[in-house]
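Quick mapping for you: the protein sequence lines, in order, are chains E and H.
Its first residue numbered 1, the first sequence is counted upward by one per residue in my numbering.
Its first residue numbered 1, the second sequence is counted upward by one per residue in my numbering.
These are calculated hints, taken from the structure and not from any lab test.
Do not rely on the hints blindly, as some may be mistaken.
[What the hints assert, rightly or not] Computed list of lysine-lysine pairs in PhoX-like fashion (alpha-carbon distance at most 20 Å, straight line):
{"hint": "1", "chain 1": "H", "residue 1": "K123", "chain 2": "H", "residue 2": "K101"}
{"hint": "2", "chain 1": "H", "residue 1": "K126", "chain 2": "E", "residue 2": "K146"}
{"hint": "3", "chain 1": "E", "residue 1": "K238", "chain 2": "H", "residue 2": "K175"}
{"hint": "4", "chain 1": "E", "residue 1": "K175", "chain 2": "H", "residue 2": "K238"}
{"hint": "5", "chain 1": "H", "residue 1": "K146", "chain 2": "E", "residue 2": "K146"}
{"hint": "6", "chain 1": "H", "residue 1": "K175", "chain 2": "E", "residue 2": "K274"}
{"hint": "7", "chain 1": "E", "residue 1": "K126", "chain 2": "H", "residue 2": "K146"}
{"hint": "8", "chain 1": "H", "residue 1": "K175", "chain 2": "E", "residue 2": "K175"}
{"hint": "9", "chain 1": "H", "residue 1": "K27", "chain 2": "H", "residue 2": "K101"}
{"hint": "10", "chain 1": "E", "residue 1": "K175", "chain 2": "H", "residue 2": "K274"}
{"hint": "11", "chain 1": "E", "residue 1": "K272", "chain 2": "E", "residue 2": "K238"}
2 protein chains.
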Amino acid sequence: MYCIGVDIGGMSIKAGVVDTHGNILKKGRVVTDVDGGARKIIADIGELVLSLADPEDKDFAGIGIGCPGAISSATGVVDHAFNLNWHNVALAKELARIVDKPIKISNDANVAALGETMFGIGKQYKDTIFITLGTGVGGGIIIDGKLYEGGESKGAELGHMVLVVDGEPCTCGRKGCMEAYCSASALIRETKKAMEADKNSSMWKFSPTLDDVDGRTAFECSKSGDVAANAVVDYFVKYLGEGMLNFANIFRPQAIILGGGVCAQGDYLIGKLKRYCADRNYGFAGTPEFDILTAELGNDAGIIGAAGLIYAERK
Amino acid sequence: MYCIGVDIGGMSIKAGVVDTHGNILKKGRVVTDVDGGARKIIADIGELVLSLADPEDKDFAGIGIGCPGAISSATGVVDHAFNLNWHNVALAKELARIVDKPIKISNDANVAALGETMFGIGKQYKDTIFITLGTGVGGGIIIDGKLYEGGESKGAELGHMVLVVDGEPCTCGRKGCMEAYCSASALIRETKKAMEADKNSSMWKFSPTLDDVDGRTAFECSKSGDVAANAVVDYFVKYLGEGMLNFANIFRPQAIILGGGVCAQGDYLIGKLKRYCADRNYGFAGTPEFDILTAELGNDAGIIGAAGLIYAERK
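Same shape as in the complex, but just chain E (with noise of 0.2 Å):
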């Protein structure tokens, strides 16, 4: 048996087969034709899937699809994806014309989710949490190996939690939403607030200009001992720290995965969470703690994950 994910993305459309251990025999992409519009897109979709697979053979057991956006995972509707332009696409409907097989969506942070925790670094574990430290902060739950997308499968908004109250604005309307704390904007944004205000950081070293500044400017400094990047390593972990021990009292997981470019400090930002979440987990003696991982899937969680929506159907 073996599905075929698909990952959905603004500048390209990724396909691969899957098998049942979620490793990759085969895949394709293509351009994501946005000026093409959504029935252009489908037929592309279509195409690569049939490029991959035979739909009358019986081992095809159906398609996932991981799509940005809202999505009505239930009805196979993309309701809004912004970047593709797509308002109320019947996904789902639209493709089975083209290959008429099962067929699953959800929400890109989900699928990456289910692929961490079915296939990848939280494959040992059940209940877990994924969230993803990009431009935003998004999210996944896993509850006994199923994801739970909330409501009208509109929940699991991870970022857009409160972590002050009328803190840093966020891109949602609120403030102190743990995005505008935990994602790489806002990492970006206190590196170089640390540096204008410390002109000797060797920060100025890593980045020349504000302009050069990214993700990985307080990090490696802090490494050599620079005080101000020091200072913004803490408080990133701190808030994201924070963010995390709340996930924990509400679904107390084996496992918080983290994504995303800054999990390329690996050990260094992991070992930083665990000593900052281990004396806070909230409870008495014998609450269960949670363990601290970065994704390993990589650029193959949307593919992988997303085949994880057909397998986890017929567990």
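Fit chain H to the supplied structure of chain E, relying on the hints for placement.
For chain H alone, coordinates are given in the frame of chain E:
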């Protein structure tokens, strides 16, 4: 068919015969003999149950129990219940020696959440969040009509979600938890602060000394337009609203149900909360809104919800 619901409190243990519609047909209570120890209390519970129903009766489907503290619901063990001075008490197993019936136990806030959703104000809904605003802030999560307790039944600690990193100290050891802003204790703290800052406030008439302040002081004086009282109410509504919005973004429930003394404020509180939350619900057009309700089962929530533990199992 009927069940017995048992509500264990630090002062008394209440039990009732509950029918399949959540009606209490018969009630009993016994003083909680904390000094007598776990064995004595369990014997008392057994006697109370036997006074209400005959274990030989085939219509008697089981016993549900709500207990304060940290519970392992899968094994029926009370890990810690500090106000009972219980640690690692095998409640379900020990009680089954006295009354040989199916026995389910859960945390008291979880049980109240289940009761309000199965049989109370939330019965038209399947996905709800229950928040109880008392000395502390507790909560319960209902997903698809079932109680979700988190990993190892140690989650759903809704009061211990930090809303303000580095904020007001919380009893749990962290700072800025929802409990430190939305409990009756927090409301009283803020009321006292406002009264000390404004010696002309009408709150001094309602509560002549600071020792007279309770959860009603600010609300009642706010209704007659007292400026300082209004500010306290706005503060309470703001933090409670932000906490509710956080839960909405994670779970996207159909309704959030509020319990505890402050709910006596009814529509005055709910109206303000609805106005606060309306503009701040995350997401795109079409993101489901949530209803805001006050609990209606009152002191019976514990008995009815405990019985619900058995009924929910049989669904």
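The hints, checked one at a time:
For the suggested pair H/K123 and H/K101, the alpha carbons sit about 27 Å apart, so the restraint of at most 20 Å is broken. Between H/K126 and E/K146 the CA atoms are separated by roughly 19 Å; this keeps the pair inside 20 Å, and the hint holds. This hinted pair checks out: E/K238 and H/K175 have alpha carbons roughly 12 Å apart, not beyond 20 Å. The straight-line distance between the Cα atoms of E/K175 and H/K238 is roughly 12 Å, inside the 20 Å bound, and the hint therefore holds.
A threshold of 20 Å between alpha carbons decides the hint, and for H/K146 with E/K146 the separation of about 16 Å falls inside it, so the pair holds. Distance hint between H/K175 and E/K274 is fulfilled; the C-alpha atoms sit about 18 Å from each other, no more than 20 Å. Taken as a hint, the E/K126 and H/K146 pair is honoured in the structure, with Cα atoms around 19 Å apart against an allowance of 20 Å. The suggested pairing of H/K175 with E/K175 holds, with an alpha-carbon distance near 19 Å, which does not exceed 20 Å.
Of the supplied pair hints, the one linking H/K27 and H/K101 holds, its CA atoms being roughly 19 Å apart against a limit of 20 Å. Between E/K175 and H/K274, the direct Cα distance comes to roughly 18 Å. Compliance with the 20 Å bound is thereby established for this hinted pair. Restraint check for E/K272 and E/K238: satisfied, since their Cα atoms lie roughly 9 Å apart, inside the 20 Å limit.
Going through the hint list in order, the structure does not satisfy hint 1, though it satisfies all others.
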